[in-house]
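Visitor: Based on the provided sequences and hints, a complete structural model is requested.
So the protein sequences, as listed, match chains A and B.
The opening position of the first sequence corresponds to residue 2 in our numbering, with each subsequent residue numbered one higher.
The opening position of the second sequence corresponds to residue 20 in our numbering, with each subsequent residue numbered one higher.
Don't read these hints as lab results, they were simulated from the structure.
Ideal Cβ placement from N, Cα and C applies to all residues, glycine included.
Non-contacting residues of chain A with respect to chain B, defined by C-beta distances greater than 12 Å in every case (computed):
#1 P59
#2 I64
#3 T68
#4 E70
#5 A73
#6 V78
#7 T87
#8 L89
#9 I97
#10 I164
#11 A203
#12 N206
#13 R217
#14 V218
#15 P225
#16 S292
Which chain B residues face chain A? A few, computed with CB under 7 Å, are given here:
#17 P38
#18 F95
#19 F108
#20 L114
#21 P121
#22 E222
#23 M250
#24 I254
The residues making up each chain are set out below.
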Amino acid sequence: MVGSGIQGLIGINFLMSNTRRNTLTAATMVLPATVVIVVALVLPTLILLRYSFNQFDPTELMISAFTWENYAEFFSVPYYQSVMMTTLTVALLTTISGVIIAYPVALFLARTTSRFKSLFVILVLFPLLVGNVVRAAGWMTLFGAKGFLNVTMMYLGLIDEPIEMMYTDFSVYVGMLNVMLPFIILTLQGVLESIDYSLTEAAENLGASPFTAFWRVIFPLSMPGIATASILVFILTMNSYSTPVLLGGPRFAMMGPTLYNEITENYNWPFGAALAFILTAVTIIATAISSLYFRRRLKSFTV
Amino acid sequence: MRWFLSAFVFCAFVFLVLPVVFIVWVSFFDSVFLTFPPPSYTFKWFVAAAESPVFFNAFTVSLYVAAMSSMLSVCFGAVASIALVRYRFPGRELLNGLLLSPLVIPNIVLGIALYIFFIAIADRFSFDATASNVGIVIAHTMMVLPWSIRLIGANLLGQDVSIEEAASNLGAGKWTVFRRVTFPLMRGGVVAAGLFSFIISFENLELSLLIVSPGRTTLPIALMQYLEFDMDPTIAAVSTIQVVIIAAVLVVTDRFFKLSRIV
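Guide: Here you go:
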């Protein structure tokens, strides 16, 4: 008894000196990665934050100051608020329609026993990794005045004149949905795979129809996945740049392209910086509200 | 009901790959302007793409940046993941959050922040990071680092620590344990992290947009600049080349690491 107690003490002692040495080793090991993040992310973001409080001057461009006027400008000019509303609307509609379309696909991927399962996953992941620019080019060949859809419809006699599809809300929504679907499908698939499907058998044995079994058992269990996927895609859509620029054109103003132009074309760094932080803040707030909503939904399901 | 669901899933897959299929198809059309159906098929746009100095330069820049940043991120990410997974130390959670933060901050905001940061450095220390590929390599390393850490970390978590303990109990030193036990077991995760980082860097647009100087643009930027004017068959050919490269890297990655475990 006494012996093991002493051994225990020595053990603890040994562990303590070991912990300190471990901390030192661990610190050295994470150092390079941390330096990269601090230099290329933390410092630049802090400087951007500082600049958002500077003053803009048409001749001197930027004057060092500490003012809230850039943030105030966003709230006093209706144009920027309408851009924000457009951005929020696109993000919300993309998220909702995306989850509805992605759910059956994710369920299929989670449940399939096909030996081609890995191929199906690659098929979802592949468009995501090809990049937005290449996909936008693809949509142009479909939506253009001489694009595949117009030519086909005119050939079939459905229309006489080409319909304008490029640079409309339609092309932006289709392009955005295409970009976001893989994210939703893969997130949902992860959650749907971890569910114990013998529960549906239990429900069905107790007399529930397959649909009821799904709706009352599987669907509530997949709620956390829906929450994660929605929040991820909402953030990504809010901050998107290439899809609205390439498929929406200059008339379709979302926050990403607007703040980019503020920096590169108007050289108004302070206001551009303020817009960047307003966008980030609105995204964080909207995300917090939706996670609250999902938590409540989750409770109403479990009670 | 089942039939309806299968049809729906099939349509969703078609929708996902539709733009990629079309751009590849169009790149073989033998006409300067987009015409459906094509008069005939040709390879000449691929020759035109290879002979275009703009696209060729952009292609080499993209390859270089993707290779450098994936290599750096794998080296830094691997040692950091070992520390994060195998050691317990104060501030571990916080550090983990910090290292994954490039995933949270929008790329367009990061791009602007880096652009302003590089100008500030050029003003103060007369070192222009955008005059060479140094700036963009640092930026891309930062962007892909979380993917390396996640992939290698997931691989490490799945491994049995007792094998390492057995080796060190049998008298192996720390370095030997790493070289002979830990690293061989990590290899799958390391290769997958490298390839995946390569893809993410190769297709990135938003982060690179502002931090490249003229003549040093990456492939997605060159494509974007052309696309804003017109849809040209050379663009389709360049896009197809990008599609083929990424598909090849993706298939190789899947051999090392089941991709369904990444995202």
